[in-house]
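We have chain Z already, so just place chains X, D, L and H on it with the hints.
These are the residues of each chain, in order.
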Amino acid sequence: MSRHRRKLSKKVEMAPGTGTIEGEPNSAPVKITVIDYDASRYEEKQINLVGECFPYRDTSTVTWINIDGLNDTRTIDEIGQCYSIHPLILKDLQNTGQRPKMQDLESYLYLTIKMMTIDEKTQEISIEHVSMILGSTYLISFQENIGDVFDPVRERIRREGRIRKFGTDYLVYALIDDIVDNYFLVMEKLEERVEDLEEELVVNATPESLSKLNKLKKDMIHLRKAVWPLREMISALDREDSPLIQAETRIYFRDVYDHIIQVIDTLETFRDMVSGMIDIYLSSLSYRMNEIMKVLTLIATIFIPLTFVAGVYGMNFDYMPELRHPYGYFMVWGVMIGVVVVMLVYFRKRQWI
Amino acid sequence: MSRHRRKLSKKVEMAPGTGTIEGEPNSAPVKITVIDYDASRYEEKQINLVGECFPYRDTSTVTWINIDGLNDTRTIDEIGQCYSIHPLILKDLQNTGQRPKMQDLESYLYLTIKMMTIDEKTQEISIEHVSMILGSTYLISFQENIGDVFDPVRERIRREGRIRKFGTDYLVYALIDDIVDNYFLVMEKLEERVEDLEEELVVNATPESLSKLNKLKKDMIHLRKAVWPLREMISALDREDSPLIQAETRIYFRDVYDHIIQVIDTLETFRDMVSGMIDIYLSSLSYRMNEIMKVLTLIATIFIPLTFVAGVYGMNFDYMPELRHPYGYFMVWGVMIGVVVVMLVYFRKRQWI
Amino acid sequence: MSRHRRKLSKKVEMAPGTGTIEGEPNSAPVKITVIDYDASRYEEKQINLVGECFPYRDTSTVTWINIDGLNDTRTIDEIGQCYSIHPLILKDLQNTGQRPKMQDLESYLYLTIKMMTIDEKTQEISIEHVSMILGSTYLISFQENIGDVFDPVRERIRREGRIRKFGTDYLVYALIDDIVDNYFLVMEKLEERVEDLEEELVVNATPESLSKLNKLKKDMIHLRKAVWPLREMISALDREDSPLIQAETRIYFRDVYDHIIQVIDTLETFRDMVSGMIDIYLSSLSYRMNEIMKVLTLIATIFIPLTFVAGVYGMNFDYMPELRHPYGYFMVWGVMIGVVVVMLVYFRKRQWI
Amino acid sequence: MSRHRRKLSKKVEMAPGTGTIEGEPNSAPVKITVIDYDASRYEEKQINLVGECFPYRDTSTVTWINIDGLNDTRTIDEIGQCYSIHPLILKDLQNTGQRPKMQDLESYLYLTIKMMTIDEKTQEISIEHVSMILGSTYLISFQENIGDVFDPVRERIRREGRIRKFGTDYLVYALIDDIVDNYFLVMEKLEERVEDLEEELVVNATPESLSKLNKLKKDMIHLRKAVWPLREMISALDREDSPLIQAETRIYFRDVYDHIIQVIDTLETFRDMVSGMIDIYLSSLSYRMNEIMKVLTLIATIFIPLTFVAGVYGMNFDYMPELRHPYGYFMVWGVMIGVVVVMLVYFRKRQWI
Amino acid sequence: MSRHRRKLSKKVEMAPGTGTIEGEPNSAPVKITVIDYDASRYEEKQINLVGECFPYRDTSTVTWINIDGLNDTRTIDEIGQCYSIHPLILKDLQNTGQRPKMQDLESYLYLTIKMMTIDEKTQEISIEHVSMILGSTYLISFQENIGDVFDPVRERIRREGRIRKFGTDYLVYALIDDIVDNYFLVMEKLEERVEDLEEELVVNATPESLSKLNKLKKDMIHLRKAVWPLREMISALDREDSPLIQAETRIYFRDVYDHIIQVIDTLETFRDMVSGMIDIYLSSLSYRMNEIMKVLTLIATIFIPLTFVAGVYGMNFDYMPELRHPYGYFMVWGVMIGVVVVMLVYFRKRQWI
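Protein chains in written order, with this note's numbering: chain Z, 2 to 354; chain X, 2 to 354; chain D, 2 to 354; chain L, 2 to 354; chain H, 2 to 354.
Next up, chain Z with everything else stripped away, as it sits in the complex (with noise of 0.2 Å):
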C-alpha cells in the first residue's frame, strides 16, 4: 500500500501551479515510440528526442505518440508546446491518482483511463493510469511504464485493417476498447478468487481466509473506482458533438459503452457474493464450536457422573455396608453402565450423536 500512500502525500506543500508527479516513481528513462499511417502508407519508429516527432505534427495522416514514463516533465512540456496543450492538463497528465474522465477542450479531447493487467503468477492486479490527447490528426498516449495492452491494435495497424481506412477517434476507440477488454481478463481471475475463497471459508476457513477476504475486498473497491466513471466517460465521448469524433465511429463507442456495463455487472455481482462472505466465515467457525463442544459435553456429562460414583466407594469410612457386600462390585458396574446408556438414549434423542 505504500504506493498509494506516496500519491497521497507527495501533493501536499506544493505551490497550486507546479507538476507533480503523483504516480510510481521510475527511474526508468522515458520511451517514446511514433506510429504514422494512412490507409495507403504505415511507419513506425521508436524516438529519443521529442523533437523527432514534430515533423509529423502538420501532416494529414494519423500520428499515434505513445510515451512510456511520466518523470520527465521536460519532455512532457516539449510536446505540450508542440501540440498547445493548456498547462493544466500538462500537469494532469502525471497526477496518476485521477480518477477516468473526459474534458473537451475545443481544439483536442483530453481522457483518463486506467489500463489493467494481470501478472499470471502472483494473481496481483495492476492498474496503470493512461493519460491521451485527441487531435483531429494525432493521438499521444501517455503511460505510467513500458509494457501494456495495445498490441492487438499495433498489429492490426500494420496489417493494414480496417483501422487504416478510419481516423484518430477510431484509433482512440480501438486502443479503449484494448483496455476494456483486458477488463474481462480480470475479471475472470477475480471470479476465481471469489469462488476458491467462498469454498475455502465454508470447508476450512482460517484467519488467513481473512486476510485474503479483505484483500479481496480492497481489489475490488480499487476496480470499481477504476470502473465506474468510465462508463460517465464513454457516454461522454458518445453525446459529445466535438468534431473530433465523426457520426459513424459513435456506434463503436455505444458498443464499448455496453462492453463497460457487462464489468460494472460482474462487478456488482462479485460484490454481492462478497459482501455476506465474513458471515459465512463467522458461521462456519460457530459451527465447528458447537461440534468441538458436542464432543466435550459428551464426555464429560458420560465420565463424570461415574467418577463421582467411583469416588464415593474409593471413600474410607468404617462402615460402608455396600463394600462388604459380595456383588457390590459388579452391582456398582451395573449402575454405570446403566447410566452410561440412559446419557446415550438422551444424546441421541436429542441429536448430538
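Worth flagging that the hints you see were computed from the coordinates, not collected in a lab.
All C-beta atoms in this analysis are idealised placements derived from N, C-alpha and C, irrespective of residue type, glycine included.
Please note that a few of the clues may not be correct.
Said to hold, decoys possible - Here are a few chain X residues that face chain Z, going by a calculated C-beta distance under 7 Å: (1) M117; (2) I119; (3) L283; (4) L307; (5) T308; (6) Y320.
Just chains X, D, L and H, lined up with the frame of chain Z:
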C-alpha cells in the same frame, strides 16, 4: 460456473471488429425453422440451407425465422446480408453475455432477452440468451440451443388464432409474453426453495444449508441481472415511435410490462427474505450451543462438588474423625443429596431446567 | 403460502389473450349488489342475473355495482360488454397478483387497490384485491370474496349524507378512504406485534421468537408491496386531467394521499425497528451463554483444584509423611479453604460474582 | 407507546368528512391567548370566548392567536368560520399524526411543525404537534397542550424589538426559529446519551444496555420523522411566491433552513454512531466470553491431568511397584510439577497468561 | 466531545437576530494581519485596531485581511460596517457549526470551508472553521484560532509569483487549494491508522482496538461532513456567473474540484474498509475462542475417562478380582494407553491436532 468464466475470457485478445461466440460452445449444427403466415394461409418448414428462407423476404406475409445455435458464423453472416443487418449487430448476436436491451436501427429493431427454464428434476435454472431482429414483415429469432418455450405460440399460429390477424409486432409480443410467463414458473420453484431453506435453517441447520443459501443467492443475482433490464426494454418498446410497432399492439406491451413488474416485485420479496437468512443460521447455531452448554454445565456443576466430597473421604490420613463415626457414610450422602437439591433449585430459578 | 404459489404458476401455459383467474379459487357463486342514488332518491338491491343491472346504465344517477367473486368469467364478460370495457382490462380484473395502479382509458378509469382486514382472533392479516371501473355515472367494484370494509359508505348513502350530493368520483374517494382507514387498524395490530416481539427477544428468546420474527418480516414485505404503489396511484388520480374527476373532489384525494404517507411512514418505522431484531436475539443468546459459562467456570475452577488435593492424599504410597501427621487432615482442609478464598477474591475482582 | 397506538386506531370507523382528534386526549379546557401589535402599540390578553378575538380580524395590526388544546372542536370550528378556513384544514388541525408540511390556500398558508422539548429530569423527549394558519394580518397557532417554547418571542414582542416592525411572516419565522433552536437542545441531550451508551457497551454491557439502545434508536426514528420533512417545508416557504411572505423575510427562512440542515446532519451523525452499537455489544460479550473460557481452560487443563496421576496411585492393586518405592511419593510430585511447568510454558507461548 | 456539545447548546435561548459564538471559546485576543499587493508592489502588516485596515478598502490593489479569533464581536461588527456586510452574514461568521457553503450576495461572495490539520505527535485531527468574504478588491478571511495552512500562499505573494498578477478570485483559489492539499496529508495519516487497525484486529484484537475503531469511525464521519459539501460549493463557484470570478480562474476551480473528488473517493474507500472491521474483530474473537475450546476439549476428553478408570480401581470393595490379579495394574495401564491412542486418532481425523 465454468460457463460464465469461459464467456468472460473468450472476449479477450480479439480485434474489436471480429465476431466472437461468447456462449456455451455448441457442437450441434445450427437448426433453422421458418413459419410463414397471414390471416388466410400458414406454412411451416425446417430448412437446411440459409438460402431457402430468402424467398420469404419480399412477401407481405409474416415470416418467423428461428435459428437454434449461434456457433455457425457463416449462416449468421448470410442471413445478415440477406436482411441487411449491421455487422456490429451480427457480432452482438453471438455475445450471449449481454443484458436484455432494445436497439432501434430504423429499418428493424434489435432485441435481446433472457429465456429461463427450470429442470423439473434437478431444480437447476438455466438461462438462455435469445436475440430477435424485428422487421416489418419478418422476425428472426436466435437461440443458443435447441428447445424453447415458444410451443404455445406455434400452436396458436397453427390453430389460426387471433395472432394470425396481426403483424410481426404482435408476434414479438407473443414470444416475449411466453418468455415472461415462464419466469413465473421459475419464481414458483424459487419460492419453494426459499421457504424450504428458511425452515431448514431454523430447524436443522448444517454447513450444507450454507452452501444451499449461497447457491440460492447466486441464482437470485443472475435472475435479477436477467429480469431488471427487461423492464426498461419493454418500456422503451412501448414509448418508441418506430413504425414497426402498431398503436394497437402497444397496450399488449404495457400488459407484459405489468407482468415484469410483478416478477421483479416477487424477486425483491425473495431477496428480502434471503438477505437475513445467514443471521438466522447464526442464531440457530448460537441457540443450539446454548442448549449444549446448559447440559454440560448442569452435569458438571452438580457432580464436580460431589466428586470432591467423595475425594475428601477417600484420603488416607491416619486421623480423620468422620471416617470412624458409625453414621459418617450416611451423613456424607446426606450432605451430597443436599448439595444436589440446592443446585437443582438454583437451576430451576434461572430457568435452565 | 400455497395461495401465492398457485397465483404464480396458474399464469403459465396459457395463450396471452386468455382470461386467467389468479386469485384463490372461490367456489361460492358470484354475488352482485346494485346501489343507485342521487341527492333525492336511493335504491339498493341484490341481483342474480347480470342483465338486471343494465337498466341503470343510461340513467344520470350514480350506480354502484359491487361484485363479490372473480371466478365467474361469464358474468364479468357480460358486464364488460354492457359497459364496453376493453378485453385486456376484463382479463386484468381476475389477476389478483397485480400491484395497485390506475389506468386511464378515456371513457373510464381502471383502479386496483389492496383491501386489508385483520382477523381479531388469529391476528392474521388478509389482503384482498379490489378492482374498480369508474365511469361518469357508474362505479363497478370487483372483490375476491364476500365481505368488505365498505359498510360505513353504504350507511352514509342510506342516511342521505353529503355523499349523495356528489358524483362517482366522490364515491370512489369514499371507498378508497375506507380502505385506507382500515390500514391504520392493521398498523395498530402490527405495532403490538412488533413491540411484543421486541420485548420477548430481550427477555426470553427462543427459536419460536425467530419464527415470529420471520413471519413479521414477511407480513411487512407484503404490506409494503400493497401500500407503496398506492401512493403513486392516488397522486396520479389527483394530477390526472380526466373529466371523470371533478376539481372539487381533488382536495379529498390529496387528503387520502396524506393518510397513505402516514401509513408508509409508520410501516418504515416498523421496518427500522424490526431490521435489527435478529441482532438483538443474537446478543441475547450470547449474553445468556456468558451467564451459563460463568457458573460452569466458577464451579469448575473452585472444585477441580480441591479434588486434586483430595486425590493426592488418597494415594496409597507406603511413605507419605503428611498422612502420618496428627494434624495432617486439618491442615489439608486449611489449604483447601485457602484455595477457595483466593479463588473467590479473584472472581470478585473480575466482577463475576 | 400507548399514545401512538391510540392515534392510529382512532382514525378508523369514521365517515371521511368527520373531524377526528388523533392526539392525546386532553381534558383540560382550551386556552386562548391573543397578542396584537404593530410598531407603536402592543396588547396581550387571555380570552375565554372565541368571539372575543374576532374584533382583531379586520385591523391592520399583527394578531397572533394562540390556542392550547385541540379537543374542543366547537372552538376550532368557530375560528374556522371567522377566518374562512377550509373544513378539511380544520379537520387536519386535530390530526396530530401528520408530518410537517406547508399548504398554500391562497388567502392563507397552513403550516404544521413538531415542537420538541426535553424533560430535564427524566430525559424524556416529548414531541408536540403545532399547526399554524398564516394570513396577511393574523397568525393562528394551535398546540396540543399548554406550555410551549415561544416565551422568547413573546418577550421580544413585549420589549418592542425588531419583530414589532415586521409583519406576520417575520412572526412565523420567529416562532419556527424558536422551535428549531430547541431542536439543538434536544440534540445535545441525545449526544450525551449516545456517548454514555457507547462507553457502557464497551466497558460493562448488560441486557439493560440493549434496552437503552432500543430506546435510543426509537427516539431517533421519531426525531427523524419530525425533522426531515421540515427541510422540504422551509424550502417551500422560501420558494413559494405567495404574497404572504415578503422578499426581505426570505433570507431569514434561508437561515432557518441552514439550521435545520445542521440538525439533520447531527441526527445522521448520531445514527451512524448508533447503527453499529449492537455489534459493539456483541463483540464485547464475545470478548468477555473469551476471558471466562481462558480461565476455565487454564484451571482445567492444569489440574485434570494431575488429578489423573493422583487417581492412578490411589488404585488398590495388590501389586503396584511404585507404591512400595521409598521415594515414590516424591517422584510423583516431581512428575506433577513438571506437567504444570510444561503447561504454563505452553500457555505463555500462546499468550493466554 | 465537550466542544461539540457546547456548540449545540449555546445556540439555544437567544433571540434570532443576536450574534452567537458557537466555536471553542478563545480567550486570546483577535489577531488581524493585512496583506496588500498588486503585480508591482507588496505590503504586509499586523494591525491592532480594525480602523487601520480601512484605508485599503478603496484602492484597486488586492487586500487580504486575515482575522484569527472569532470571539470579539465588536471587531467583526466594525469590519462588517466598513465593508457593508449583511448582519446575518456577520452572525453566521461566528457560527462554526456550519457546513461548507457559498452564498452570493451580489457585491461579495460569502464562503465557509473547513481547514484540517493533523497533530504530528498525537495524530489528532483538528478541524477549524474558516469563513471568507470575497469582494472585487478585497478578501477577508476569518479563522477560529491563530495558526493556519496558508504560509505557502503568503510565501508565493512575497516571492512575486504568478499569484501577484491575478485578482482576489485567484487568491481565494490559492487559499482553498492550500486547504484541500492539506486534506491529502490528513488522508495519508488516516490510511495508516486504517491499515494498522486492520492488522491489529486480525492479529491481536483487544477491547482497546474496539475503542480505536470507534474513534476512527467518528473521525471519518466528521471528515465526511467537512468534505462532502465542499464538492457542491466549489461546483457552485465554477457555475456561478458572478462578475467576481473571472473566466480564466474557473479552470483552476475545476482543478480543485477534481482534487476534492479524489479526497472524497479516498474517504469512501476508507469507509468501505472500516465498515466491515467490527465483523473482522468478531470473527477474530470467535476464532480464538475455537482455539481455546479445542485445547480444553482435548485435555478434558483424554483425561476424564482415564481418571474414571483410575477411580474404579481406587474403590474399596472387598471383592474386586482385578485388584488381586498379578498383572492387573499393568493391564489397566494398557487399557488407559489404548484409550489415549484412540482419542488421539479421532482428534487427528477431525483435524484438531
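Hint check against the structure, violated hint numbers in rising order:
The structure breaks hints 1, 2 and 6; every other hint is satisfied.
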